[in-house]
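**Q** Listed below are the residues making up each chain.
2 protein chains.
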Amino acid sequence: MELPSKLLENAVNEIAQLPGIGKRTALRLALHLLRQPLDQTQNLSTSLFKLRSEISYCEECHNISDNAICQICSNVKREKGLICVVEDVRDVMAIENTGLYKGTYHVLGGKINPIEGIGPSQLKIKTLVDKIKAGNVEEVIFALSSTMEGDTTNFYIYKQIKEFDVKTSTIARGVAVGDELEYADEVTLGRSLLHRIPFENSLKYN
Amino acid sequence: MELPSKLLENAVNEIAQLPGIGKRTALRLALHLLRQPLDQTQNLSTSLFKLRSEISYCEECHNISDNAICQICSNVKREKGLICVVEDVRDVMAIENTGLYKGTYHVLGGKINPIEGIGPSQLKIKTLVDKIKAGNVEEVIFALSSTMEGDTTNFYIYKQIKEFDVKTSTIARGVAVGDELEYADEVTLGRSLLHRIPFENSLKYN
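Residue numbers (the numbering used here), protein chains in the order written: chain A, 536 to 741; chain B, 536 to 741.
Hints should not be assumed to be uniformly reliable.
Copies of the same chain are indistinguishable here, so a pair counts whether it falls within one copy or spans any two.
Stated by the list, open to error - Using 27 angstroms as the maximum straight-line C-alpha spacing, the simulated DSSO-like pairs for lysine-lysine come out as follows:
#: 1; residue 1: Lys661; residue 2: Lys637
#: 2; residue 1: Lys541; residue 2: Lys615
#: 3; residue 1: Lys661; residue 2: Lys558
#: 4; residue 1: Lys615; residue 2: Lys558
#: 5; residue 1: Lys637; residue 2: Lys541
#: 6; residue 1: Lys558; residue 2: Lys585
#: 7; residue 1: Lys694; residue 2: Lys615
#: 8; residue 1: Lys585; residue 2: Lys668
#: 9; residue 1: Lys585; residue 2: Lys541
#: 10; residue 1: Lys541; residue 2: Lys659
#: 11; residue 1: Lys541; residue 2: Lys612
#: 12; residue 1: Lys694; residue 2: Lys558
#: 13; residue 1: Lys637; residue 2: Lys585
#: 14; residue 1: Lys697; residue 2: Lys541
#: 15; residue 1: Lys585; residue 2: Lys615
#: 16; residue 1: Lys541; residue 2: Lys694
#: 17; residue 1: Lys697; residue 2: Lys739
#: 18; residue 1: Lys541; residue 2: Lys668
Read the hints as simulated data drawn from the structure, not as lab findings.
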């Protein structure tokens, strides 16, 4: 794709580095910006740069936060002894949306992934182990995605904390609410049978 | 979607203003940038702003160009008397890729579209008419997309230039090369029958 302008080419190449955006889409987006007022590009450009250069993370849970301690960690109503281990801020948002979780989080910032060169030292694992060592944690809930990378990360953390007096659990896997059994995959359906729960418990949130 | 940081929220809102990108994708892109080196965001941010603020257009054909006159218009081998009217730079690139066009272009910058508030005065129509008035143009090829807006724009220009001594033509519409007849829509197939060409002509580019 030969572009008639160096400025356009630079912009297209930079946009196309974003995940899921190819050169063609990048060109479409660049031409769109050219048709919009200068303000829009200026705001986009500034907000991206400010985000990347000024972003800060909660000192407790490592979630993205404008303050040193995030709103969840600084909320006295939250159970500090219950920690849900998640990958990134999107998982925190998803769990918060359920309105059913009253504990706190620990955001790892990714999963152990040797293929992409992400080892345990690049994740916020040490601070989690330190929190547990300090002794105020009752339960750790593993809520990483159930992929090989997620399982590896769970197990790596588990090995480091099992010697301490802390309960560990993982979120339930099973057939989604509203889904029909015949369309569930075998692994999921199998797990939902193995990890069946007392019927009375299932009535709680209906 | 409640985000835990104002910086993140601003960036997501700005990204989500791009066409075809929703809030969820915007958040994914923003979090991706946070995991990449500062350089990448800086380059993206700078190249977008430079593109929008420093972009210039060819004085002859209004295509995007880093010079006052673009490479096509300044090429002495190009036929200046043959002008292909297109919507934007992507159409120029598409036609250039065929390698079969030796004339020049006139980039309108859009199509007449009352619903989006785009009238003839916002497009580069007057300069096209002026070029034709000046008398050095032999043929104008309309190559806008065959939508209602494209047809309206073609007709609007045609009305203004028909009094001058200039040939007008439009690119051929028909069944695409390699396509099977049974899958072509009726309008396209109908046009390709009505505008059939002498068989000998079809052998030229085989």
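**Q** Work down the list of hints and note, for each, if the structure agrees.
**A** Evaluation of the provided hints:
Taking identical chains as interchangeable, the C-alpha atoms of lysine 661 and lysine 637 lie at most 27 angstroms apart only when both belong to the same chain, with a minimum of 24 angstroms there against 66 angstroms between chains. Proximity of lysine 541 and lysine 615 under a CA criterion of 27 angstroms is satisfied inter-copy only: 25 angstroms between copies versus 54 angstroms inside one chain copy. Neither within a single protomer nor between protomers do lysine 661 and lysine 558 lie at most 27 angstroms apart by alpha-carbon distance, with minima of 40 angstroms and 33 angstroms respectively. Taking the closest pair of Cα atoms, lysine 615 and lysine 558 never come within 27 angstroms of each other, the shortest separation being 47 angstroms inside a single copy and 31 angstroms across copies.
For a Cα distance limit of 27 angstroms, the shortest separation of lysine 637 from lysine 541 across copies, 23 angstroms, qualifies, whereas the shortest one inside one copy, 53 angstroms, does not. Taking CA atoms no more than 27 angstroms apart as the test, lysine 558 paired with lysine 585 passes in both settings, with 25 angstroms inside one copy and 19 angstroms between copies. Taking identical chains as interchangeable, the C-alpha atoms of lysine 694 and lysine 615 lie at most 27 angstroms apart only when both belong to the same chain, with a minimum of 22 angstroms there against 75 angstroms between chains. Proximity of lysine 585 to lysine 668 under the C-alpha cut-off of 27 angstroms is found in neither arrangement, the shortest distances being 36 angstroms within a copy and 51 angstroms between copies.
For the identical chains of this complex, lysine 585 and lysine 541 are neighbours both inside a copy (25 angstroms) and across copies (11 angstroms), given an alpha-carbon limit of 27 angstroms. In this assembly of identical chains, the alpha carbons of lysine 541 and lysine 659 lie at most 27 angstroms apart only when taken from different copies (23 angstroms versus 41 angstroms within one copy). Taking CA atoms no more than 27 angstroms apart as the test, lysine 541 paired with lysine 612 passes between copies only; the shortest distance there is 23 angstroms, against 55 angstroms inside one copy. In the homo-oligomer, the alpha carbons of lysine 694 and lysine 558 never lie at most 27 angstroms apart, since the shortest distance is 44 angstroms inside one protomer and 38 angstroms across protomers.
Taking the shortest alpha-carbon separations for lysine 637 and lysine 585, neither the intra-copy value of 32 angstroms nor the inter-copy value of 47 angstroms comes in at or below 27 angstroms. Neither within a single protomer nor between protomers do lysine 697 and lysine 541 lie at most 27 angstroms apart by alpha-carbon distance, with minima of 57 angstroms and 38 angstroms respectively. Within a single copy, lysine 585 and lysine 615 get their C-alpha atoms no closer than 32 angstroms, and across copies no closer than 48 angstroms, so neither meets the 27 angstroms cut-off. With identical chains, the CA atoms of lysine 541 and lysine 694 are never at most 27 angstroms apart, being 53 angstroms at best within one copy and 37 angstroms at best between copies.
Taking the shortest Cα distances, lysine 697 and lysine 739 never come within 27 angstroms of each other, neither inside one copy (31 angstroms) nor across copies (77 angstroms). Taking CA atoms no more than 27 angstroms apart as the test, lysine 541 paired with lysine 668 passes in neither setting, with 56 angstroms inside one copy and 33 angstroms between copies.
The structure is inconsistent with the numbered hints 3, 4, 8, 12, 13, 14, 15, 16, 17, 18, although it conforms to all the rest.
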